[in-house]
Amino acid sequence: MEALYATTTGLLAACGVYLTLRGRTFPVVVGLTLLSYAVNLFLFSMGGLAMHGNPAVVGAGSPAADPLPQALVLTAIVIGFAMTAFVVILAMRARGDLGSDHVNGNRLDDSKEKEDTK
Amino acid sequence: MLQHLIVLPIVLPLLVGAGLLLSRATSPTLRRTVSLVAQALMVAIAIALVVQAGDGTIRYYALGDWQPPFGIVLVLDRLSATMVLLSSLLGLLACLYATAGIDETGSNFHGLFLLQLMGINGAFLTGDLFNLFVFFEVLLIASYALLLHGGSKARTLSALHYVVLNLMGSAFFLIALGILYGVTGTLNMADMAVIVTTLDPGRAGLMEAGGLLLLVVFGLKAAMLPLYFWLPRAYAAASAPVAALFAIMTKVGIYSILRVYSLIFTDNAGALADLGRDWLWWAGLATLVVAMLGVLSARDLRTLVAYLVMVSVGTLLTALGMNTIEADSALLFYLIHSTLVTGGLFLLVDVVAGQRGKAGARIVRSRPLLQAGLLGGLFLIGTAAAAGLPPFSGAIGKALILASATPEQQIWLWPLLLLAGLCSLVACSRAGSSVFWRTSKAEPSGERIGVARGIATGGLISAALMLVIFAGPLANWTKATAEQLSNPAPYLESLLGKDAAPETAPPLKGDVS
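Going down the list, the protein sequences come from chains R and F.
Counting in full-length UniProt numbering, the first sequence runs from 1 upward without gaps.
Counting in full-length UniProt numbering, the second sequence runs from 1 upward without gaps.
Isolated chain R (complex conformation):
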């Protein structure tokens, strides 16, 4: 369980960082989304991974998973959602304003374009 969880989080983070470092806005946005998934998973695991626990009820007395990271993740998801929506709109606006979907607003000429696709 732990190994699978850690691998998933790490893989998501690695893909997210790689995509965020790309030159075009679309991969950057996707990269940020993947990174926020990884962060949410990471945050979720911070109370410790407990399997087959009971719901956290005050006074129940049985072992339960730490509820605080769940609340934190919920907040982080909401904020991440809003930010993703904003950055998508901003990327589209940048495409319209700058006439290019490159993060620096550069127009890539054709030869460069071909090199990139190779």
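In case anyone wonders, no lab produced these hints; they're calculated from the structure.
Warning: the hint list may mix true and false statements.
[To be verified] List of simulated lysine to aspartate or glutamate pairs, DMTMM-like, C-alpha gap at most 20 Å: (1) F:K358 - F:D300; (2) F:K153 - R:D97; (3) F:K479 - F:E326; (4) F:K153 - R:D101; (5) F:K153 - F:E104; (6) F:K358 - F:E443.
Just so you know, these numbers come straight off a predicted model, no measurement behind them.
Keeping the supplied structure of chain R fixed, place chain F upon it in accordance with the hints.
Frame of chain R; chain F shown alone:
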């Protein structure tokens, strides 16, 4: 009523800001009045808070009456009261400047402006790390929209970089919080400060990783050397009142470093004592060097002021790295000075650019200004203060910082800080002489400064003189603030009760050394 005062700098802009966002159809005059009245009220509240904090006790406000360490608390001490007053003053004057017309170049200026102030004030007041993250997000999302306000190619491009970088920053912030929560089991700063003193040495490494990751996030906000690339472009592209308000955004980063590191990673923290101070020292010096080059290379007045902000950030970071009461006190004095003066310079540059036709803010030969005497005088005072020349406030701030360095630190600090002042002086006098004196024969034209813009710009730049006149009381205040920061025991006691403060501190420190 009085105990609810602490929450008002957050609730008031939230309610008024949300109301302004809802009522978009009302007349501009009404919106301006409501916004200005709300901000004047915030300044009054902030003054009341400073008076309250002046007696040296630490008050807290438990939201929803959930007591610490479980609930979220807002904490009022000298430092947070000072910062709230500073942000409210800057906000009021920047907003006054915007009412001269810039607020109507797009929609919802005042609502966003108030929400950004809410985020900034919240970040200054909160005593909970996750809540700090939430307020960072509030101030950031408002700043994204404000940066784009009015719209132009340069703004879109700089906003794209700014947003992507800050989203990465938020991701790192959450990772850091996750690590710190995983290690200590709490998010309350005071509680964390207590737990860290009795931390299992095996987990100290994780705690260190979390703490340093947090430093990266705050460094990004403060524009520390490798993380500053967003700043000059964003500040130069933003409209003047927004850039002026952004002058305090880098200081939010500085404040967060000061708060978190002086509370949690203190001498009591064993192996984690003074975590990151070396990094701050060297990164601050490096930031200073880069900012120096930036100031000299600026071809545009806005970029010039943006790099002056970076000079101040470098100075503040080095002072943070020194980590003594004297340095913290000097740092606070310099922080107040640099926030107000650079904010005023952003406004002034906008007025100047408005009277120069096509040349705008570029440092080139152009038509003479309509009000060359007045604007030139303000420019002289503002830039001389920013460069740290006597008799203005920058000189006192710099002298205090220089005086607080130990002999080993002086070797590095004195030449670099004085050289930074010299570079700022050279760049500003070159810029000033070509803008105000090297003029063509054309007829002066453009917009006069007017009453609202005059009060806003003059008010902020006059801080350069006021801070000198009231340097004595202010220096006493910052000294008291630094002393309060250096001794976290009363802070912990007032939040967590008498038995919480770590009396095990001296033996623990002994064990390590």
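Structure-based check of each hint:
1. F:K358 - F:D300: Distance of about 13 Å is within 20 Å: holds.
2. F:K153 - R:D97: Distance ~6 Å between K153 of chain F and D97 of chain R Cα, so the pair holds.
3. F:K479 - F:E326: 7 Å, holds
4. F:K153 - R:D101: At roughly 13 Å apart (the allowed maximum being 20 Å), D101 of chain R and K153 of chain F satisfy the hint.
5. F:K153 - F:E104: At roughly 19 Å apart (the allowed maximum being 20 Å), E104 of chain F and K153 of chain F satisfy the hint.
6. F:K358 - F:E443: 13 Å, holds
When held up to the earlier numbered hints, the structure conflicts with none and fits them all.
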